[in-house]
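Undergrad: All chains, please: the whole structure from these sequences, using the hints.
In order, the protein sequences belong to chains A and B.
Numbering-wise, the first sequence is residues 1 to 234 according to my numbering.
Numbering-wise, the second sequence is residues 1 to 262 according to my numbering.
Calculated directly from the structure, the hints in this document are not laboratory data.
One should not assume that every hint holds.
Here are the computed lysine-lysine pairs in the DSSO-like style, where the Cα-Cα straight-line distance is at most 30 Å [what the hints assert, rightly or not]: (1) A:K27 x A:K58; (2) A:K93 x A:K79; (3) A:K73 x A:K154; (4) A:K73 x B:K202; (5) A:K98 x A:K163; (6) A:K79 x A:K2; (7) B:K104 x B:K10; (8) A:K158 x A:K27; (9) B:K175 x A:K98; (10) A:K73 x B:K256; (11) A:K2 x A:K73; (12) B:K10 x B:K202; (13) B:K100 x A:K73; (14) A:K93 x B:K202; (15) A:K158 x A:K79; (16) A:K163 x A:K2; (17) B:K65 x A:K79; (18) A:K163 x A:K93; (19) B:K256 x A:K79; (20) A:K73 x B:K130; (21) B:K175 x A:K58; (22) B:K65 x B:K10; (23) B:K130 x B:K175; (24) A:K73 x A:K93; (25) A:K58 x A:K98; (26) B:K194 x B:K255; (27) B:K104 x A:K79; (28) B:K10 x A:K112; (29) A:K112 x B:K7; (30) A:K163 x A:K112; (31) B:K255 x A:K73; (32) A:K112 x B:K202; (33) A:K158 x A:K112; (34) B:K65 x B:K175.
If you anchor each label on the Cβ, the simulated ranges turn out as follows [to be verified]: (35) A:H87 x B:P101: 54 to 62 Å; (36) B:K100 x A:P136: 55 to 63 Å; (37) A:E118 x B:I18: 48 to 56 Å; (38) B:S13 x A:E118: 43 to 51 Å; (39) A:I230 x B:P108: 46 to 54 Å; (40) B:A88 x A:C20: 45 to 53 Å.
All values derive from a computational prediction rather than experimental measurement.
Every residue gets a Cβ at the ideal spot worked out from N, C-alpha and C, and that includes glycine.
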Amino acid sequence: MKIVGLNKSYGDIRIFENFCIEFEEMKTTAVMGASGVGKSTLLNVIAGLTDYSGSIEKEGEISVIFSEPALLKNLSVVKNLEYAVAHAYPGGKIPEDKLEEVLEAVELADRKDALPYELSTGMAQRVALARGFLYPSRYIVMDEAFRGLDTALKVRLKRYFLKLSEMNPRTVVMITHDLDEALSLSDRVVVFDSHPVRIALDISLSSDKSARLPTDVDYATAAAEYMRFIEASI
Amino acid sequence: MRADGEKIKKFLSGNAWIANIVYPLIGVGVIMLIWFVGARVVGVEMVLPAPARAFEELLGLLGDKTFWSAVGNTLGRTLLSFVSSFAAAAVTATLSAFVKPVSKIIAPIITVLRSVPTMSIILIAIIALKAARAPVLVTFLIVYPLLHASFERALENVDPYAVNMSRVFGVPLYKRIFVLYVPAVLPDVFAASKSNVSLALKVMIASEVLAQTFGSMGVYMQISRIYLDTALLMGWTLAAIGLSFALEGVVVLLKKVTVRWK
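TA: Laid out in C-alpha cells, this is it:
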C-alpha cells in the first residue's frame, strides 16, 4: 500500500502536506509519535473515514480494529462477526470452518453465543481481533487496539494477534503509543514528528516477530534508537 | 445482630416483589395520606373532597356508558396525535442526524415550537379548527418537538466505533439501519415515548377543556367544575391518571417484548 501526496488539514493546522509513505506487503508497520501528531488521522484516511487530497494505491479491502471493540450489544459474538463480515463472502455467509478456525484461535469457540455484556474487556477485544482477520481484506489498520488493558491481557492479546497473523497474513498498519507493542508485533516502526507530519525515525526489525524477545539485538537496538530520539526531542 | 441487619437490608433491596409492588404501593399510600389530611384540614368537599369520595365518583363513572365513550374519544385522539408526532419525529430526526443541511433547517423550527407557550398554541388552534380537531393539532405541536429532540439525540448517541466499523467493513445500508441503528435507539425511543405519551394525554385533556370538545374527558371535567362538583372532577382526574398509567404500561410492555439485551 502506497500513500502519495497526502494533504490533510484541520482548520489552520496542516497535519499532512504532500506526505508519502509505503507499507510493505504482508508486513506489520507500527506508527508511533506524540499525541495529536496525526497517527489516527492517517488511520482515518486509510480507512476512508475522513476526506483528504492525495492518493492511496492499494489492491483490496481494508478491515479495522479500533481501541474499542465496537460490538453491537444486541448481537451474540457469532452474530457480531456475521453482521460485519458475512456480506464479504460468496453467498453472504462466512464458511463454517473459517469461522471456527478464527474463534478457536482467539479461544472464544465456547463463547460464540454470548452477548457482549457477558464478555470481559479482553474477550470483547478478542472478538474485534477475530473480526479484523475474518474479513477477507488485504490490509488491517489497528488504532491502539490494546490500549487500556492490563499487562497480562496485553501479552495474551499480542499472542492472539501473532497467531492470527500467521494463519491469515495481511499488510498491517498499527497505530500505537506502546514501544513494547510496536517492537514485539511489527516488522517496521515509523515515528511521526511535527506538523506537517514527517517521518522522524524509520526502523526495520529483521527477526521473526513471533519469537522475538526484548533481549534480541534488533529489539534492543530499536528501543535504544527510539529512546535517543525521544530524549533529543524533549 | 449485624448479620441480621445485613440480611434485612439484602431482603429489602434485592427482593423483586418488594421493589416492584410494595415500594410503589407505599408511594401511593403517602399521596393518599397527604390528600386525606389535606381534605380533613380544608373540611369543605367543594374545595377538596376526601379520597374516598373521589373513588366513589370514579366507581359511579365506571358503570356509565357516557364515561366510556368520553374515554374512548379522548384516548383515540391522544393516540392519533401521538402516533402522528412519533412518525413525524422519526422521519425528521433521521434526516437531521444524517443530512447536515436538514438539521440546520429543522433546528430553529423545533426551537420555536418548544418555546411557544402551550396556551398560545391551544388558543390559535381553537380559532382555526373545529373543537374535535384542535386538541389533536395542539397535542401534535407540543409532543412532536420533544420526540424529535429525543430521537435525534438517540441517533447521535449510537456508538461511533460501531458506526465507523460498519462503514469500513462496508456493511450494507439495510443491515446498518435494522441491525445497528434501530436496536441502538430503541431503548431511548421507548423512554421518550413513555414520558411523552402521558404528556400527550395531559395536553389533550387541557385542549379539550378549552376547545369544549363534545363528548370528551376534558369537557366532562369542565362541566363538573361549572357545577362545583369537585368530587366528580376528582373522579375524572383519577380516571385520567389510570389511563395515563395504562398508556405508559403499554409502552413498557412493548419495550419488554422488543428490547431483550442489556
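Undergrad: Between the beta carbons of E118 (chain A) and I18 (chain B), is the distance compatible with 48 to 56 Å?
TA: Violated: the Cβ-Cβ distance is about 27 Å, outside 48 to 56 Å.
Undergrad: Does the alpha-carbon distance linking K73 (chain A) and K256 (chain B) stay inside the 30 Å limit?
TA: With a Cα-Cα distance of about 16 Å, the restraint between K73 (chain A) and K256 (chain B) holds, given a limit of 30 Å.
Undergrad: Just to be careful, I want the Cα atoms of K65 (chain B) and K10 (chain B) compared with a cutoff of 30 Å; is the pair within it?
TA: Since the Cα atoms of K65 (chain B) and K10 (chain B) sit roughly 48 Å apart, the hinted pair is violated (cutoff 30 Å).
Undergrad: Does K130 (chain B) sit within 30 Å of K73 (chain A), going by the straight-line distance between their CA atoms?
TA: Violated, because 48 Å separates the two Cα atoms, which is more than 30 Å.
Undergrad: Within a Cα-Cα threshold of 30 Å, do K10 (chain B) and K112 (chain A) meet the stated pairing?
TA: violated, 34 Å
Undergrad: Could you grab the alpha-carbon distance between K175 (chain B) and K58 (chain A) and see if it respects the 30 Å cut-off?
TA: holds, 27 Å
Undergrad: Verify the CB-CB distance for I230 (chain A) and P108 (chain B) against the hinted window 46 to 54 Å.
TA: Check passed, 51 Å falls within 46 to 54 Å.
Undergrad: Between S13 (chain B) and E118 (chain A), does the beta-carbon spacing fit 43 to 51 Å?
TA: Check failed, 24 Å falls outside 43 to 51 Å.
Undergrad: Between K73 (chain A) and K93 (chain A), is the straight-line Cα distance small enough, at 30 Å or below?
TA: Roughly 21 Å between the alpha carbons, so the hint for K73 (chain A) and K93 (chain A) holds.
Undergrad: Does K202 (chain B) lie within 30 Å of K73 (chain A) when you go C-alpha to C-alpha?
TA: violated, 36 Å
Undergrad: Mind checking the alpha carbons of K93 (chain A) and K202 (chain B) for me, to see if they're no more than 30 Å apart?
TA: Status violated; Cα separation ~51 Å.
Undergrad: Tell me if the straight-line CA distance from K98 (chain A) to K163 (chain A) falls inside 30 Å.
TA: Answer holds: K98 (chain A) to K163 (chain A) is near 14 Å, not above 30 Å.
The structure fails hints 4, 6, 7, 11, 12, 14, 17, 20, 22, 23, 27, 28, 29, 32, 34, 35, 36, 37 and 38 (numbered hints given earlier, in ascending order).
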